[in-house]
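Take the sequences, apply the hints, and build the full model.
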Amino acid sequence: MKNTKNKMMALIMAAAVMTAAFTGCKSTPKDSDVKAGVETAIQSSPTATNVTVSVDQGIATLTGQVPDQGSKDSLEKTAAAVAGVKSVINNLTITPATPVSVSMDDPLAAAVKDATKDYPTVTGTVADGVISLKGEIQKANLQKLMMTLQALKPKKVETAGLTVK
Amino acid sequence: MALQEKYKELIDAANTAGVGNLSVREQDGVLYIDGTTNGTVKQQLWDTYERLDPNYASGDLVMNINSVAGVVEGAQLKVTTNSSNLNIRKGPSTNDEIVGKAARHEVVTLVSKENDQWWVVKTADGEQGYAYTQYLTPIG
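So the protein lines, in turn, are chains X and C.
Just so we're aligned, residue 1 is where the first sequence starts under my numbering, counting upward by one.
Just so we're aligned, residue 1 is where the second sequence starts under my numbering, counting upward by one.
Mixed in with the good hints there might be a few duds.
Below, simulated DSBU-like cross-link-like pairs (lysine-lysine); rule was C-alpha separation at most 30 Å, straight line [what the hints assert, rightly or not]:
no., chain 1, residue 1, chain 2, residue 2
1, X, 139, C, 8
2, C, 8, X, 117
3, X, 155, C, 8
4, X, 35, C, 6
5, X, 139, C, 101
6, C, 101, X, 153
7, C, 113, X, 153
8, X, 144, C, 90
9, X, 165, C, 6
10, X, 117, C, 113
11, X, 165, C, 8
12, X, 77, C, 101
13, C, 122, X, 153
14, X, 155, C, 6
15, X, 7, C, 122
16, C, 78, X, 153
Bear in mind the hints are in silico, worked out from the structure with no lab data behind them.
Listed below in structure tokens is the structure:
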């Protein structure tokens, strides 16, 4: 009877050890495998080109730049769904695709371009807030153009290079 | 002060016409006249400006008289291009793609104002996008 009890105990203990080893192995895949899994998963996203992945004990960290909040959220979701990922630290930063211009002359120059578009013989350049016109214009069109340009809040409008026909 | 003398007739006309928020100031050799009024007064002031400074050659005045400040969303606007159709664009710039066109003298509806140059308009056919305000004239 005592012998049987000991055998039973040994069996239970062996089973317990095996179970622990088995589940332990299953719940902690290698970080390097998880990293590869996340990289494969996010690869299909065109916005993931500047994203790097690191994994430490199942915690995946995303770093790099994406163009918008939607990409940031969707990449986090994709990474979280990969087997072996316990949680995701989302360190992605949002950088708009086109760098934002800092020069004050740029919006004015763009507005001048729009305003002179219908007068192909006129070119307008902008420097320090001053619009300089060059080329030729029909007298009938000059007032309309000046109305538009002076409403753009320039410092002044130079017409020295403009010939009025 | 010299510039205010040169353009005295213009400043007086703006005052007489009751131009709203009229501001006249001189800085670094340029006179700035700003204000809001209707289309008729704006045209009269610009004709006076052109007479006092033929071909706007001096470059010593920047006049920004807004005649469309009071135009509100839902207003009807007539397309007043010289001859061609008015482009309706995806964004507020001539770099933006054309998404529709409005014929000359067609009437469109103001949806919203992006800035003084670009408004979002909607045509009777339901085409919506950005149009250049210079070619839109409020009706009524």
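Now for the hints, and whether the structure bears them out:
1. Restraint check: the Cα-Cα separation between residue 139 of chain X and residue 8 of chain C comes to about 24 Å, which is no more than 30 Å; the hinted pair holds.
2. Distance check on the hinted pair: residue 8 of chain C and residue 117 of chain X sit about 33 Å apart at the alpha-carbon level, beyond 30 Å; violated.
3. Taking the CA atoms of residue 155 of chain X and residue 8 of chain C, the gap is near 21 Å; set against the 30 Å cutoff, the hint holds.
4. Straight-line distance between C-alpha atoms of residue 35 of chain X and residue 6 of chain C comes to about 75 Å, which puts the hinted pair past the 30 Å bound.
5. Under the criterion of a C-alpha separation no larger than 30 Å, the hint pairing residue 139 of chain X with residue 101 of chain C is consistent with the structure, at around 28 Å.
6. For the proposed pair residue 101 of chain C and residue 153 of chain X, the alpha carbon gap of about 29 Å is at most 30 Å, so the pair holds.
7. The straight-line distance between the Cα atoms of residue 113 of chain C and residue 153 of chain X is roughly 17 Å, inside the 30 Å bound, and the hint therefore holds.
8. Only pairs whose Cα atoms come within 30 Å are accepted, and residue 144 of chain X paired with residue 90 of chain C is accepted, the gap being roughly 25 Å.
9. For the hint pairing residue 165 of chain X with residue 6 of chain C, the CA-to-CA distance comes to about 25 Å; that is within 30 Å, so the pair holds.
10. With a C-alpha separation of about 21 Å, the suggested pair residue 117 of chain X and residue 113 of chain C falls inside the 30 Å cut-off, and the hint holds.
11. Taking the CA atoms of residue 165 of chain X and residue 8 of chain C, the gap is about 28 Å. The hint holds against a cut of 30 Å.
12. In summary, the hint linking residue 77 of chain X to residue 101 of chain C is not supported, as the alpha carbons are separated by about 42 Å, beyond the 30 Å threshold.
13. A threshold of 30 Å between alpha carbons decides the hint, and for residue 122 of chain C with residue 153 of chain X the separation of about 28 Å falls inside it, so the pair holds.
14. Note on residue 155 of chain X and residue 6 of chain C: the hinted pairing holds, with a Cα-Cα distance of about 19 Å set against a maximum of 30 Å.
15. The straight-line distance between the Cα atoms of residue 7 of chain X and residue 122 of chain C is roughly 87 Å, outside the 30 Å bound, and the hint therefore fails.
16. The hinted pair formed by residue 78 of chain C and residue 153 of chain X meets the criterion: a straight-line CA distance of about 26 Å does not exceed 30 Å.
The earlier numbered hints that this structure contradicts are 2, 4, 12 and 15.
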